[in-house]
Amino acid sequence: MLTIAMPIAFGCITLALLLNFWRLVRGPSRADRILALDTMYINTVALLVLYGIHQNSTVYFEAALLIALMGFVGTVALCKYLLRGDIIE
Amino acid sequence: MNRWLPQPLLSLCLWLVWLLLANSAAPGQILLGGMLAVALPLGTKRFWPDRPHVRRPLRLLVYFSVLLWDIVVANLTVARLILGPVRRLRPAFIRLPLDLTDEFAIVVLAHTLSLTPGTVSADLSIDRRTLLIHVLDLDDEAMLIARMKQRYEVPLKEIFAC
Amino acid sequence: MLELFTSLFLLIGGVFALIGSIGLARLPDLFTRLHGPTKATTLGVGGILIASMLHFGGQGNGLSVHELLVTLFLFTTAPVSAYLVARTMLHLSGKSVDTGTGRQGISDKETS
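First to last, the protein sequences are chains Y, G and L. Using our numbering, the letters of the first sequence map in sequence onto residues 17 to 105. Using our numbering, the letters of the second sequence map in sequence onto residues -6 to 155. Using our numbering, the letters of the third sequence map in sequence onto residues 3 to 114.
Looking at chain Y on its own, in the form it has when it is part of the complex (with noise of 0.2 Å):
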């Protein structure tokens, strides 16, 4: 069972990030390549977990949260440079 949900899982992500990064490529506005890129950080989140029971390892979580933590933050980052052109003010 799980040998034929995996593959399909697997393909599911991969066609989603590849759907984000188009969208990153094409834009058209700054706003819409951030949104791109936060929602391939959502999906590498979800491309590392399903590595992880792939491999059947925790050991992936932990990268999973990290990426989860960076993206949050790296969003705002960007997002608060193009509301106010500077991140700490």
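You may find that some hints are simply not true.
One-sided and incomplete, this derived list gives chain L residues near chain Y with beta-carbon spacing under 8 Å [stated by the list, open to error]:
1. Thr8
2. Leu13
3. Val17
4. Gly22
5. Ile24
6. Leu32
7. Arg35
8. Leu36
9. Ala53
10. Phe58
11. Gly60
12. Leu71
13. Leu74
14. Val87
15. Met91
Everything labelled a hint here was simulated from the structure, so no lab data went into it. Glycine is no exception: its CB is placed at the ideal position from the N, C-alpha and C atoms.
Since chain Y is already given, all that's left is putting chains G and L on it; use the hints.
For chains G and L alone, coordinates are given in the frame of chain Y:
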């Protein structure tokens, strides 16, 4: 109580997060988490301008379970809208007049609206009286506002006592 | 039985993550695109994390709950990022809470 635990709810959250992070409920972790849960709010007390006045913590739990269910429903709705014909969407901005005055309550409300069907909160007016919301597929503005007020704002008003 | 549920949640998660990204790629204007990632993708990751919980919890080393942390984290941060991105879009298109309402929406034009 108030001297050593200035923010009981924050301490509880910190303790739970520590146990989740350690992924165990061994006595050592419980003790270490407890120590951190007391020490961190004490150490950062000066950075908290105003603590949220949660009057009914149990109602908050009920609220969160309703919210969890609504998130699942929201996802099915949004999935249908995304996969359906794009031309038929009626995106619009609406303004939600707020009755809440507590800052933390407004934050919770904005979060809730972002996670529930077809609405994303986009901006808060400077006087904190109006919330700008983007709706993916607007059908009836008055009905939507009434529904949001009745389902989320009224319970929040009770919980945060404002 | 457990494997069945794990597979089910994996599929639900994968499909929702994909739907969110399709929304991001397909929807016509700036603000409608916000809806896909904030909701569908977050639940997608939630589904995969539940699958992970079931998978590692079923191996006899006790309950695996730290996946909940990532789910909670994403559920609290997704609206914040959505709000900030929306604010950025409003800022870039020069509108605010006082002017930007109504059905006309906000156009896709932006000087970049």
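Task: Indices of hints not satisfied (ascending) - done: 11, 13
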